[in-house]
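As you go down the protein sequences, you meet chains A and B in turn.
Counted the way numbering that gives the first Met the number 0 counts, the first sequence spans residues 0 to 347.
Counted the way numbering that gives the first Met the number 0 counts, the second sequence spans residues 0 to 53.
A couple of the hints might just be wrong.
If you only want the chain B side, here are some residues facing chain A, beta carbon under 8 Å, derived [what the hints assert, rightly or not]: (1) Gln6; (2) Asn8; (3) Gly11; (4) Ala15; (5) Gly21; (6) Trp22; (7) Thr23; (8) Ile24; (9) Pro25; (10) Ala27; (11) Asn30; (12) Thr31; (13) Tyr36; (14) Glu38.
The following label-pair restraints were derived from C-beta to C-beta distances [said to hold, decoys possible]: (15) A:Ala206 <-> B:Glu42: 33 to 39 Å; (16) B:Pro13 <-> A:Ala161: 53 to 59 Å; (17) A:Thr328 <-> B:Met0: 44 to 50 Å.
Here chain B is said to cover these stretches of chain A; the calculated rule only asks that three of the stretch's residues, wherever they fall, bring their Cβ under 8 Å from a Cβ of chain B [unchecked claim]: (18) 157 to 164; (19) 308 to 316.
In case anyone wonders, no lab produced these hints; they're calculated from the structure.
Quick reminder that beta carbons are idealized off the backbone N, C-alpha and C, glycines included.
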Amino acid sequence: MSVSYGGDSIVFADGSVQSGGWTGMRNRIINGAMVIDQRNVGASVTPASGQYTIDRFVAQLSQSSKYTVQQNAGSVTPPTGFSNYLGVTSSSAYSVTSSDFFFIAQNIEGFNTADLAFGTASASTVTLSFWVRSSLTGTFGGALRNSANSRSYPFSYTISSANTWEQKSVTVAGDTSGTWIGATNGIGINVAFSLGMGSTYSTTAGAWAAGNYASVTGATSVVGTNGATFYITGVQLERGSTASSFEYRSYGAELALCQRYYEVLYNSADNAGIWGPYTTSYGYRGTWYFKVQKRIAASVSLAGSSAWTGATPSIFNGISSAAFFSSGTPFYSAGTADTLAVQASSEL
Amino acid sequence: MLTYKLQNNLNGQPCAVIRSDGWTIPFATGNTDYQKYLEWLAEGNIPEPADQGE
Numbered sequence: 000m001s002v003s004y005g006g007d008s009i010v011f012a013d014g015s016v017q018s019g020g021w022t023g024m025r026n027r028i029i030n031g032a033m034v035i036d037q038r039n040v041g042a043s044v045t046p047a048s049g050q051y052t053i054d055r056f057v058a059q060l061s062q063s064s065k066y067t068v069q070q071n072a073g074s075v076t077p078p079t080g081f082s083n084y085l086g087v088t089s090s091s092a093y094s095v096t097s098s099d100f101f102f103i104a105q106n107i108e109g110f111n112t113a114d115l116a117f118g119t120a121s122a123s124t125v126t127l128s129f130w131v132r133s134s135l136t137g138t139f140g141g142a143l144r145n146s147a148n149s150r151s152y153p154f155s156y157t158i159s160s161a162n163t164w165e166q167k168s169v170t171v172a173g174d175t176s177g178t179w180i181g182a183t184n185g186i187g188i189n190v191a192f193s194l195g196m197g198s199t200y201s202t203t204a205g206a207w208a209a210g211n212y213a214s215v216t217g218a219t220s221v222v223g224t225n226g227a228t229f230y231i232t233g234v235q236l237e238r239g240s241t242a243s244s245f246e247y248r249s250y251g252a253e254l255a256l257c258q259r260y261y262e263v264l265y266n267s268a269d270n271a272g273i274w275g276p277y278t279t280s281y282g283y284r285g286t287w288y289f290k291v292q293k294r295i296a297a298s299v300s301l302a303g304s305s306a307w308t309g310a311t312p313s314i315f316n317g318i319s320s321a322a323f324f325s326s327g328t329p330f331y332s333a334g335t336a337d338t339l340a341v342q343a344s345s346e347l
Numbered sequence: 000m001l002t003y004k005l006q007n008n009l010n011g012q013p014c015a016v017i018r019s020d021g022w023t024i025p026f027a028t029g030n031t032d033y034q035k036y037l038e039w040l041a042e043g044n045i046p047e048p049a050d051q052g053e
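Make the full structure from the sequences, and use the hints.
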């Protein structure tokens, strides 16, 4: 066995690369292997803009119903080493206008990017890598952006063969300008993959720009071809100038990382998730203690086909629990066992 | 179009809004749903009052 040292990485005899900063959370992307799909459990969705699909990946769109998202859409064989992918399918042949935008993105929390020191003279170089497969070929685009969308690094990559998995990597010198939030619970870095972008949000690839750009000029429009597919997995953003091997995490660890932003409670075998039993002097109360503390006090609602039986309780939201209250009537969330009962969201 | 209804805490003070799609959204500055509610307010919209007795 031989190894070689590449400055900030070690290359092993089998070609795999181990980059610097290899302990802890090397990959800043959560659920980059598209394993966790709490909301839809593999079902196809036609997302509204801002709607989360597979965990941690949000759909953004300026026109409704132009694409669907589904874990393992089309049931193709994922790249070696992966079991899942995020699949986008175009729902029409839409001609993108100048102000249109269609993309999939992940907002990485500032706590997980602050060490990269973007916005300072010490900004770290980062490398984005991913596996992608499309029914279309050509130049595709994406971008890294700050929380205010006032700093953007549009990048391009080429898909050479239709319906074939290809691994891509983009190395980006960290931004030494602009305002990037530090160690807070806001958006540290937004990573976007374009599915079709108007000229307003497109510019030249390969340089930091002041303004909101999520793709590159002339990039392929997935939403422009009815039935076109865009599949992606193995998304990794890491410090350094080399794309290292994908950082696999255990299913439980990945789920817990996702649950900081979204969590569901399943109905139990007796067809109830939340119960509101009577408490002397305090009416009927039930409490959902979250498995993972949330990024911020969470929004809460019923999930799936569950419904309240008895009263519809008031919900009092927190970062570690949600309390359900009814002053005069008992209640419970009713639904089939092991289906979604209630959900909490504190997404970025 | 989504609409909102205020929800009071047990002391009778507004503490959250109930969006018409069923989500209860706390008054938490960093909550993105709350930020969208503030944008909705800024457009001149007015939420429904909270139910009495909550």
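Going through the hints against the structure:
no. : hint                             : result
1   : Gln6                             : 6 Å, holds
2   : Asn8                             : 7 Å, holds
3   : Gly11                            : 12 Å, violated
4   : Ala15                            : 6 Å, holds
5   : Gly21                            : 4 Å, holds
6   : Trp22                            : 4 Å, holds
7   : Thr23                            : 4 Å, holds
8   : Ile24                            : 5 Å, holds
9   : Pro25                            : 4 Å, holds
10  : Ala27                            : 4 Å, holds
11  : Asn30                            : 5 Å, holds
12  : Thr31                            : 6 Å, holds
13  : Tyr36                            : 10 Å, violated
14  : Glu38                            : 12 Å, violated
15  : A:Ala206 <-> B:Glu42: 33 to 39 Å : 36 Å, holds
16  : B:Pro13 <-> A:Ala161: 53 to 59 Å : 55 Å, holds
17  : A:Thr328 <-> B:Met0: 44 to 50 Å  : 31 Å, violated
18  : 157 to 164                       : violated (count 0)
19  : 308 to 316                       : holds (count 4)
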